Amino acid sequence: MGEDAERPQASVPAPRVPGPADAVADMRTTARWTIAAAAGVGALLLGGAPLTAIGKISGAGEAVLAFAGLVVALGGVGWAIWQTGEALMPRIATLDDLDDPALADLRATIARDPSAFYGPFGTSGADLRKAVAFHGTVAANLAVTAAAETDPVRVRLLDQALADARANTEAVRRLQDRLLEFVLAWKVRAAVRRARLHTLAAAAVIALGAVLFLGATHDADADRPAHPAPSPSVAR
Amino acid sequence: MSAEPKIGDVRFSDSGEVEVFDGTAWGPYRQIPDDAGVVLRDRTEE
Numbered sequence: 001m002g003e004d005a006e007r008p009q010a011s012v013p014a015p016r017v018p019g020p021a022d023a024v025a026d027m028r029t030t031a032r033w034t035i036a037a038a039a040g041v042g043a044l045l046l047g048g049a050p051l052t053a054i055g056k057i058s059g060a061g062e063a064v065l066a067f068a069g070l071v072v073a074l075g076g077v078g079w080a081i082w083q084t085g086e087a088l089m090p091r092i093a094t095l096d097d098l099d100d101p102a103l104a105d106l107r108a109t110i111a112r113d114p115s116a117f118y119g120p121f122g123t124s125g126a127d128l129r130k131a132v133a134f135h136g137t138v139a140a141n142l143a144v145t146a147a148a149e150t151d152p153v154r155v156r157l158l159d160q161a162l163a164d165a166r167a168n169t170e171a172v173r174r175l176q177d178r179l180l181e182f183v184l185a186w187k188v189r190a191a192v193r194r195a196r197l198h199t200l201a202a203a204a205v206i207a208l209g210a211v212l213f214l215g216a217t218h219d220a221d222a223d224r225p226a227h228p229a230p231s232p233s234v235a236r
Numbered sequence: 001m002s003a004e005p006k007i008g009d010v011r012f013s014d015s016g017e018v019e020v021f022d023g024t025a026w027g028p029y030r031q032i033p034d035d036a037g038v039v040l041r042d043r044t045e046e
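Each protein sequence line maps, in turn, to chains A and B.
Each residue of the first sequence is one higher than the one before, counting from 1 in the UniProt record's numbering.
Each residue of the second sequence is one higher than the one before, counting from 1 in the UniProt record's numbering.
One or more hints might be untrue.
[Stated by the list, open to error] Taking lysine to aspartate or glutamate pairs in the DMTMM-like style, the calculated list, with each CA pair at most 25 Å apart, reads:
#: 1; chain 1: B; residue 1: Lys6; chain 2: A; residue 2: Glu170
#: 2; chain 1: A; residue 1: Lys130; chain 2: B; residue 2: Asp34
#: 3; chain 1: B; residue 1: Lys6; chain 2: A; residue 2: Asp127
#: 4; chain 1: A; residue 1: Lys130; chain 2: B; residue 2: Glu4
#: 5; chain 1: B; residue 1: Lys6; chain 2: A; residue 2: Asp159
#: 6; chain 1: A; residue 1: Lys130; chain 2: B; residue 2: Glu19
#: 7; chain 1: A; residue 1: Lys130; chain 2: B; residue 2: Asp9
#: 8; chain 1: B; residue 1: Lys6; chain 2: A; residue 2: Glu149
#: 9; chain 1: B; residue 1: Lys6; chain 2: A; residue 2: Asp164
#: 10; chain 1: A; residue 1: Lys130; chain 2: B; residue 2: Asp22
Simulated from the structure, these hints should not be mistaken for lab results.
On a predicted model such as this, the values are computed, not experimentally measured, just so you know.
This is chain B alone, in the form it adopts within the complex:
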């Protein structure tokens, strides 16, 4: 009997890669590039 995976569960795939369950499917886990940028300048745009 296998328990249902929960969000955030980790496992090794058959190919030996670390996989994470995101709530819908298992997939490889990587660092997400954070390229967001917002600057509060002296004047705000109206």
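Next comes chain A alone, as it looks inside the complex:
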């Protein structure tokens, strides 16, 4: 037992943790599916309904009504596709976007545990920027000082400090990049949520158009029997 415990464990790569970039890809896939579904409804409306109902239109009034219904329904489809397509548009995210009203819940999450997002480098995006500049400047100055130093002891000390400065710069850059990814993910999330609401409204418009179209192409004669049914009589 003792031997096994003392033997160094083979390094197993840590499982990859899903990040905000994965969420962005997932949300954009959702938007693509929504567009595909809306396009399917549009194809159904254009390809199926007019062909089957064209013979049932009699008169200019019904033709206008059917046309209006089709335009309204297809307008709804176009509206849903347009709005959902907005969620797929490329977005630029900066740390200043964290103040965007649409990112209020992200700000609230960060406020609950700032160190989880900013680490030991402050409590705001501005602090992260300052930390990047500070540690980067320190690293540059240490490199210059080390290059001019001749005392081997001092060179070792400077090299160690330079390694620390580079590690600090890397750490704060990592936090900054991750925060930017969160900002981007929340912007896309806001766009997808907005698109969902528009798609819901567009569904109502599509339904309205379908009702108009079906109302105009409804064959009222088909509902009427060819011959009036004989009135029921009770013979006793």
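Chain B: place on chain A using the hints.
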């Protein structure tokens, strides 16, 4: 005449330690432990 130190300037202290000016004072420079961690799980907390 000594120039005012700028943020990020480095020097050796009297004890031979590397010091850095952080804008307010000179101090030793070390690697800062980064123990921050946030995970984006499948479900976000609402």
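Each hint, compared with the structure:
1. Lys6(B) <-> Glu170(A): At roughly 22 Å apart (the allowed maximum being 25 Å), Glu170(A) and Lys6(B) satisfy the hint.
2. Lys130(A) <-> Asp34(B): holds (17 Å)
3. Lys6(B) <-> Asp127(A): Status holds; Cα separation ~18 Å.
4. Lys130(A) <-> Glu4(B): holds (20 Å)
5. Lys6(B) <-> Asp159(A): Given that 25 Å is the threshold and the Cα spacing comes to 21 Å, the pair holds.
6. Lys130(A) <-> Glu19(B): holds (19 Å)
7. Lys130(A) <-> Asp9(B): holds (15 Å)
8. Lys6(B) <-> Glu149(A): Given that 25 Å is the threshold and the Cα spacing comes to 20 Å, the pair holds.
9. Lys6(B) <-> Asp164(A): holds (20 Å)
10. Lys130(A) <-> Asp22(B): holds (11 Å)
In this structure, none of the earlier numbered hints is contradicted; all agree with it.
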